[in-house]
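Just need the whole structure built from these sequences, with the hints factored in.
Per full-length UniProt numbering, the sequence shown starts with residue 1, numbered consecutively.
Check before you lean on any hint, since a few could be wrong.
Claimed, not checked - Calculated pairs, EDC-like style, for lysine to aspartate or glutamate (alpha carbon to alpha carbon, straight line, at most 20 angstroms):
#1 140 - 180
#2 222 - 237
#3 308 - 332
FYI, nobody ran anything at the bench for these hints, they're computed from the structure.
Since this is a predicted model, take the numbers as computed values, not measurements.
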Amino acid sequence: MAAEEQDRAAAADVLRSLARHLNCLNEDNKSSRARALERIRRETVGDNALPSSELQEVFGGLLKPVLKCVSDPAEKCRETAIQIITDFIRAVPEPEQALPYLMPCLAQRLGGKEILEPAEELRFSMLELLCLVVEVCGRKLAPYLDDMIRILQRTITDPFPDAKRESCKCTIQFARCVPDHFHMQAESLVKPLMQTLSHQHSRVRVAATEATGAVIQYSTGKNVDDVLSHLAQRLFDDSPQVRKAVTAVVGDWLLHLQDRYSYFHKLIPLLLSSLSDDIPEIRNLAVELWGQIGAQWEKENEDDLKDKMDFLLSAPSRYPPGVERPPLGCRELVVRNLSKLMPALGRDAGDWLVQTRVKALQLLRVLLLHAEDHCTQHLQPLLTTLYRACADPEPAARTHCLESAELLGVFVNPEVYLSLLLAEVSSSSFSSCLWAPLMVLTAVLKGSSREALRPHLLQLGNTLAQPDVCQDSQQVRTHRLIQSLHYFCTKQCFHCSLPEKHTLLTCSIAEECVRCLCTVLGLSDVSDLYRQHMADLLHWLSDSQHCWTAHSVHKNLLNIIALQSGVCYVIFRPFNVFYKSLHPLHSHLFFSLSPYFSLCRCFGEYVGVFLQELLLPNLVWRAGRTSAAVRTSALSCLLALLQGGAISKEQVLSVEQKLIADLISTLEEDSQLSRLLASRSLHTLMTITAHCLSPEALNKIYPGTHTHIHIHHSTLIQHRYTLFIITTLSSCSSSSGSNYFWETLTLIFVALLFNSLSLSTDVLKVGSMTDSALLQQEVEAVRGKQRSAEYCDQLLEHIRSHIIN
Numbered sequence: 001m002a003a004e005e006q007d008r009a010a011a012a013d014v015l016r017s018l019a020r021h022l023n024c025l026n027e028d029n030k031s032s033r034a035r036a037l038e039r040i041r042r043e044t045v046g047d048n049a050l051p052s053s054e055l056q057e058v059f060g061g062l063l064k065p066v067l068k069c070v071s072d073p074a075e076k077c078r079e080t081a082i083q084i085i086t087d088f089i090r091a092v093p094e095p096e097q098a099l100p101y102l103m104p105c106l107a108q109r110l111g112g113k114e115i116l117e118p119a120e121e122l123r124f125s126m127l128e129l130l131c132l133v134v135e136v137c138g139r140k141l142a143p144y145l146d147d148m149i150r151i152l153q154r155t156i157t158d159p160f161p162d163a164k165r166e167s168c169k170c171t172i173q174f175a176r177c178v179p180d181h182f183h184m185q186a187e188s189l190v191k192p193l194m195q196t197l198s199h200q201h202s203r204v205r206v207a208a209t210e211a212t213g214a215v216i217q218y219s220t221g222k223n224v225d226d227v228l229s230h231l232a233q234r235l236f237d238d239s240p241q242v243r244k245a246v247t248a249v250v251g252d253w254l255l256h257l258q259d260r261y262s263y264f265h266k267l268i269p270l271l272l273s274s275l276s277d278d279i280p281e282i283r284n285l286a287v288e289l290w291g292q293i294g295a296q297w298e299k300e301n302e303d304d305l306k307d308k309m310d311f312l313l314s315a316p317s318r319y320p321p322g323v324e325r326p327p328l329g330c331r332e333l334v335v336r337n338l339s340k341l342m343p344a345l346g347r348d349a350g351d352w353l354v355q356t357r358v359k360a361l362q363l364l365r366v367l368l369l370h371a372e373d374h375c376t377q378h379l380q381p382l383l384t385t386l387y388r389a390c391a392d393p394e395p396a397a398r399t400h401c402l403e404s405a406e407l408l409g410v411f412v413n414p415e416v417y418l419s420l421l422l423a424e425v426s427s428s429s430f431s432s433c434l435w436a437p438l439m440v441l442t443a444v445l446k447g448s449s450r451e452a453l454r455p456h457l458l459q460l461g462n463t464l465a466q467p468d469v470c471q472d473s474q475q476v477r478t479h480r481l482i483q484s485l486h487y488f489c490t491k492q493c494f495h496c497s498l499p500e501k502h503t504l505l506t507c508s509i510a511e512e513c514v515r516c517l518c519t520v521l522g523l524s525d526v527s528d529l530y531r532q533h534m535a536d537l538l539h540w541l542s543d544s545q546h547c548w549t550a551h552s553v554h555k556n557l558l559n560i561i562a563l564q565s566g567v568c569y570v571i572f573r574p575f576n577v578f579y580k581s582l583h584p585l586h587s588h589l590f591f592s593l594s595p596y597f598s599l600c601r602c603f604g605e606y607v608g609v610f611l612q613e614l615l616l617p618n619l620v621w622r623a624g625r626t627s628a629a630v631r632t633s634a635l636s637c638l639l640a641l642l643q644g645g646a647i648s649k650e651q652v653l654s655v656e657q658k659l660i661a662d663l664i665s666t667l668e669e670d671s672q673l674s675r676l677l678a679s680r681s682l683h684t685l686m687t688i689t690a691h692c693l694s695p696e697a698l699n700k701i702y703p704g705t706h707t708h709i710h711i712h713h714s715t716l717i718q719h720r721y722t723l724f725i726i727t728t729l730s731s732c733s734s735s736s737g738s739n740y741f742w743e744t745l746t747l748i749f750v751a752l753l754f755n756s757l758s759l760s761t762d763v764l765k766v767g768s769m770t771d772s773a774l775l776q777q778e779v780e781a782v783r784g785k786q787r788s789a790e791y792c793d794q795l796l797e798h799i800r801s802h803i804i805n
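Next up, the structure:
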């Protein structure tokens, strides 16, 4: 008691010594007021600070005049007054005694509709003072709840970033100090916090996130829905500190929120999204919090999980390597909330923002790892989401989608997912991305086990062999799917190789897959695989030949069959397919067959039928560009047939008259290519039958070709062709006599003599060996008509020397 009296006496002495300075606070001169405040601070809490017991009494006497200076017009005075109060609050043993005067003053300066304090730094200092008051007074601030909330509502949205951060810090401290009262006014802080949550400074966003966590934690819990969307957006924040704060806040709610069971399905996705964060620190924090949440839930629901805890099942055999299996409590939490998560996840997977779609598909993979075989009951919405994600233009989204699809193959029975996937592949109901089901099916097969899938291989092969599937333009997807199927095939899987052949025929990049299929079936060569299924493949083609058009893929399939299986084996097997095809398709078929005739010489009995019933009828002139193209193709095919040696001399002679007549008629074609092919075909035909053609045929060839050759071909080609005719006639003259070809030789000699003799001389010298007298007669007849007789004299000299010899 004596000590208290002594402290009061000492405090009274101090106050008397400060009376002059206190009087100066009422002066008009701001410098005098500032000096007075500075001396008060120095003599009380400055370097010569009083003992704390005396300070309590002094603070009571100085509080009102100093608080009055907090509203002083001079900024320096306000700053010093705030500093004095802060130092006293920190030093006195019972700071709560100042609250009845201090809180209304701070509420007036900071909590009005318009903030009265114009200086940013002073607002920040006042908020620091408020945080100190909350720290030292604690629960004794409960009567001033309204003032605190009013101040925080205004200062959380303060333009000064540091003031925002200090306000958020003060909010957290105040919520923890008065939890029994805070919930009554907590709702009023949600709106300003959400406005601050998107501030441009990352440190402000971190502070706002942490403050939001405290406000919701100590509130009635009714505002969780109001803040979830804002926190979800912060998961995409560029700052790792912000994402870490969100992870910590959500994890704390899942552990301590009073009504957390009602919000599990809304909070779990936010925390699990952090398991896929790019920053290891955030991932580790999420894993730690998620483990605690699962353990807590497992402990709280021990009775419901007793059987599962006593008989823990091991992980599936094809569980992803390197991935730690989540604890039982975590798995059960996801399983029990998955039905509520799937609709929202499907919407986010189709969001217009790339980041949202990628984050949603990352979350899907995490959910599947937790749900395991329980995802079977949600398979249809899962597949729908994956189909849409496969068509995403963002590569990262497609990657996560396929990873999730592979997990479906690990956890779901093949009979179940094939019933849905194959129906979707066949129906192609996803018109915007017809190939999406194929991509999903490929990924699902990668995750499946060989033993479980093997009974369904034939069903898979038959589905893929459907024209709408294997003839789609997205062949890369089909190719990858076949590659996946080969993993499951063995030598006992012969029954599914034919449907696979149907599919691979239509896939232009399937050579590697075909070789792999041969290896699986134990075949030495690709042609053996084709020959093994040749009858079925041709039957498959012939079934659809009535509906072939110029744009059908079947002609390409026929090319592949012929090329891969060996021409000699296949070329005439599909004769009915050629014969019954629509007329416009003949052009494509003839061009396709042309390269193969030069590779094979053993067509035997089929050649005659091929020539007479398919090839020669298409050399007959018909009006129209389509018919002209068919004739060009037929000529190409005929030339390949003759040059390749696929047709014998006897077979040519059997159709000699018809063939020569058709070839001569095609020399009148408008197409230069057709004329060239016809000329070469005649040349080759005469080469094959040089000593066997009848004189009638030889006499018909040159007169029939002479006009067209001179009209359409260069002089050099004319002379080469004429040289060949003369050589042919020379070879036949010994048996038939030159008189038999007199008219033809006369026509040839006259034509050559009236052309450039500089080029014709050598040809005529060869012709002199056939009938030198006839040539001498014709040369002498035209010698006087030539501009220069030099070449005629050379020819006459050559003829005389030939006669002498």
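We went through each hint and held it up to the structure:
1. 140 - 180: Distance ~12 angstroms between residue 140 and residue 180 Cα, so the pair holds.
2. 222 - 237: Violated: residue 222 and residue 237 sit about 26 angstroms apart, past 20 angstroms.
3. 308 - 332: Holds - the C-alpha atoms of residue 332 and residue 308 are around 10 angstroms apart, at most 20 angstroms.
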